[in-house]
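Please put together the full structure from these sequences, using the hints given.
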Amino acid sequence: MILNVDSVSFSYKRSFPVLHDVSFEVPENEVVALVGPNGSGKSTLIKLIVDLLHLRDGSIRLGGQDNGSRESKMRSMYLASNDYLPEFLTGSEYLHFVASLYGETIDRAEAVKKFARYQMMGRADELIEDYSHGMRKKLQLIAALLLKRELTIIDETLNGIDLDAAYAFESDVQSLARDGRSVIVCSHDFAMLQRVSQRLLFLAHGFIVTDDSMTEVFGEYGSIDALVRDYLREEADELP
Amino acid sequence: MSFRSTLILVRFLLTFINRRVFGRGILRSKTAKTAAIAIALTAFVGYGLLTVVVVRQYFDAEIVEILLLSGGAATPFWVLIAYTIVRVLFLKADQLTQLTFMLPATNRERTLAFAIFEALMVVGASLITFGAFIIAAATISGFSIIWRAVAAIFFPTILCYLLFSIVYLGVERLVITIGAGRLRGLIIPFLFAAALVGMFTLANSQSQEMLQGYLSGQPYFIPQLGFLKIADSAGPALAVLVFLILLLALGTLVLVAAPKDYEPVKQHYRVLSGKLASSQLGLHLLALVRSFETLIVLLFATLATAGIAILKIEIPPYVLLFVTFQGVYAFANSEPIRRATPAVQGAVASYLNLVTAQAIVLLVVAVPAVAVSTWLGIGIQHSALAIGFSACNILLSTLVGILFPADNGNPFSVVVGVVLVFAIVAMVAMGLNIFSLPVAINVAVVVLLSVAVVAYSIVGINRIERIRRYEIVA
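Order-wise, the sequence lines are chains G and A.
Going by this note's numbering, the first residue of the first sequence is number 1, and it counts up by one from there.
Going by this note's numbering, the first residue of the second sequence is number 1, and it counts up by one from there.
These are calculated hints, taken from the structure and not from any lab test.
Among the clues, some could well be false.
Calculated cross-link-like contacts (lysine-lysine; reagent style DSS-like; alpha-carbon spacing at most 27 Å) [as the list claims (entries may be wrong)]:
hint, chain 1, residue 1, chain 2, residue 2
1, G, Lys148, G, Lys47
2, A, Lys30, G, Lys13
3, G, Lys13, A, Lys33
4, G, Lys113, A, Lys275
5, G, Lys148, G, Lys113
6, A, Lys275, G, Lys148
7, G, Lys13, G, Lys47
Chain G is faced by these chain A residues, among others (derived, beta-carbon under 8 Å) [as the list claims (entries may be wrong)]:
hint, residue
8, Gly274
9, Ser291
10, Ile337
All residues carry an ideal CB built from backbone N, CA and C; glycine is no exception.
The following block contains the structure:
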């Protein structure tokens, strides 16, 4: 297993828990779709996995190591939902900087190919400050695709990128989840998730409501959208 | 053009200052906020009492009048200084300007709102600066001095501010027209710096003309003292009327001069090799040197050093102080570095990277500055003192940037920090001065205070990072 999340609970304020006893595992070579309504705890769960939030209850292990360890950090890569990047660097410098954090080097020819593939040809040597929102997101994706960590977590990073890049990503993310590597993709784009992922994690009110393979989801509901609608309908029925 | 929209925008900006400046960093804590207010009030009351004592002890009505006239004559000079500082702060606050884009307001309504907001800030600063003197003067010359101060100082202040706004907006429009709008972060501060030199010469000659005219009884003409002349010869009502007419005229010109569209300011320039990005220190150096405000101070320092050499001014290299104030932005500017995963840097390493990058820049600027000073006959011990003082200032300004982070395009937080730190440093300096301690003890006190500043900075970074991870409650 690349990731083991065991009995994780979390609250920002004591009176308002965000995650309740969450447990799941991510094996090698799998793309996992993480879905849930706003405020369901998806981003909190991701931040806990990558140790951006302090874990109090439960345990999270990456490749068998505690998620706060240096080894775990070297194994994983987190693509945040925002486009907060060091604007004082060029795109190319950013890739080298991130690579150096992982103790790796970037294959320049490969980087040039990726820039071209994501419609950013000739923009690698411009400052990130001059990039559009979508270009910053693409740069994050390129970094993940070049560095190929054992676990890549993509938190709504695809919002704002154009269709060509989204299609390129769908193909690339599946290539990424090979040779023992895995990806967690958090998104509200269910159609895309259905095309790229093998498993679904559905989080609601801080609980894991569904943890099934896509085959099971398709068999029972027909689509992720139908599953979510079914859940929301049941929830609405329970309202007074 | 809707004034309602303008007023809503002014209220928006005031709310921004209240919540993002007076409610961020260390000021988030009620205790810290109360302490900060107490320190500021104590400093102001102390300054006020000192002014009253000095004015009553040494001045008479005639000297008060001369000081008032001098203050009025110098108005364009210090308003230009204030305007330049405010302008540079707002150039850094591009994100704040962009926040107003989602509001249904035109660029002209936005420009007017910013002009009113800035004018309020400058009038507030004027009240603080001159308030104590005016109160002290009133105890000697009676309450009529208050009205005279309004005519001599406050009316010219507001009009000068609008005048500089027109010049600024005109230049902004021009650089946008020639396709260099994004570079105005570098161009405009330089033009204002050049204007400051000219204004300094003008203010000097006007003050001398006024002083000679006053003492000899000869007529003199200083435009900024016009309201006082009108009030003295034709009554205050006419002075107010003239002021209002000019206010309306200049306000209209501000709107006319404002560019129709907004163009974001370029915040970073690609200088130094990107290969530095492979190390944490190199990355901090790039974050520092590539920002437009650092480039401005580096160019200022270079020009000042060249000026000192050409004019053969025999002073220690205090020009180094220019580059030490960048510390106030160091922590906030390096935020993306700390947020990059897998960032496993501790508070000590982060702090060392922050101050070492600044020390490198200081040393690079120090080489020519000290060489020029030595060539002009300044002893190396004086240069060493200037470098030591600048190094202490780096530590202090970095602490200000940690306690009052200029985050998310909000550079105003640091103003509060600088004011508070200045108040504390002034109190310490006054204390050391009162006790007249030997130099060795003074140096020891400064070293001890610097150690405390370093320790407090590291504790501050550690605390901020722990709060971010929800390890502790803010």
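Could you work out which of the previously given hints the structure breaks and list their numbers from low to high?
Per hint list: zero violations.
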